[in-house]
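Trainee: Now for the letters of each chain:
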Amino acid sequence: MAMELFGIAAGQLGLFISFGLLIGTLFGFFGMGGSFLVTPALLVMGYDSTTAVGSGLAFVFGTSVIAALRHRDHGQVDYKLGLMFIVGMTAGIEVGKGVVYYLKALGFADLVVSISYIGLLAIVGLLMLRDARTESSDDDGSALAEKFQSIKIPPMVSIKGGTKVSLWVTLAMAFAIGILSGFLGVGGGFLLMPAMMYGLGVPAAVAVGTDVFQITASGAFGAFTYAQSGALDLTIVLPLLAGSAMGARIGAGATALVNEDDITEYFAAMLLAGSAAVASRNLGNAYDMGIFNQASKVLIFGSALLVSGAVIWASIQSIREDEPAESVHAAD
Amino acid sequence: MIGLESLGATGQAVTGVGAVLVEAMLLYVGYGALTTALSGPVKRALGGS
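Residue numbers (the numbering used here), protein chains in the order written: chain W, -7 to 324; chain B, 28 to 76.
Just chain W, with the same shape it has in the complex (with noise of 0.2 Å):
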């Protein structure tokens, strides 16, 4: 019989932490939450779509609530627009959690829930990948942002900064997120801060401290919606944070010492290979093949292993350029 810690097999427990570590580093060195590589790794694994979905929102929760103190001292938190965030969202998380259900039933989930990862990851991966290899350019953002922000629906909410909001243009917008949160299992992070700065003009300082305040209570409540219907696994969940909570410290100071810059394509590079991860273990199922379903654990776990590890490596490679310059200076 495996050994066990706590109900969980030892094994399961050190492949979790494990894992947790790689994403955090990634996820605390890029910025975002990490959630939507979450999701695919548990589909990757073999996990049906609503607990892996159930899970990813309770992973949020968590990662939010250890960025939420974190970020309490720093007062840039707007109340109001993250009330009508969480009003919106939790909607939008409801009904994406009723589409999973409901194609659950149908027999569906998996299979759809798996092609929207591999959807998502391909575009978010290829979107980076052509913001590091290009210059960058904001018109075409500015330009849809002032679309937006010229939509004027009444009535109009003032929130920090001197800015006026539409109450039913940021309820839309969170819906519309919601949706995405509660099918995917992700906390929407990636999309709600531009949404906030680009959509309604929020001041970036806000729009972070409110995307934290906003994605803990929304994720509390995807959690526990999933949890109500038993597809939240702690067994999965705890191990994960507490490798991820450390990954994060270690991802977030490696920030002072690597240019973000150098390392961005082979973050988009495993992106990809996270959407090539799931295409390989829907190949391998539908098939009956188990090249394809090993084939996708070595690529999302491998790409993972190796793109953190480029960013601890360069961080102490920096560190060790560093140090003679010190030594030196002491000398003086």
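A few chain W residues that don't get close to chain B, going by computed Cβ distances all over 12 Å:
#	residue
1	Ser10
2	Tyr71
3	Val79
4	Leu119
5	Met120
6	Trp160
7	Leu163
8	Leu183
9	Ala196
10	Ala268
Covered by chain B, per the in silico footprint, the following chain W stretches (three or more residues, Cβ under 8 Å):
#	region
11	52 to 61
12	205 to 218
13	224 to 234
14	238 to 250
15	300 to 314
None of these hints come from the bench; they were simulated from the model. This structure is a prediction, so every number in the text was calculated from the model and none was measured. Cβ coordinates follow ideal geometry from the N, Cα and C atoms, glycine included.
For chain W, the structure is supplied; the task is to place chain B on it using the hints.
Mentor: Chain B only, in chain W's frame:
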């Protein structure tokens, strides 16, 4: 898993989300103290001095 099966659906959900919340707070405090205590020695060790 972890003996929650005897609880009802809402009880399981509250316990599950509560466990994640408690763990997150413990990790924030514990890792914060660990980082403060170890960052200097680790940096020195990696720097080779």
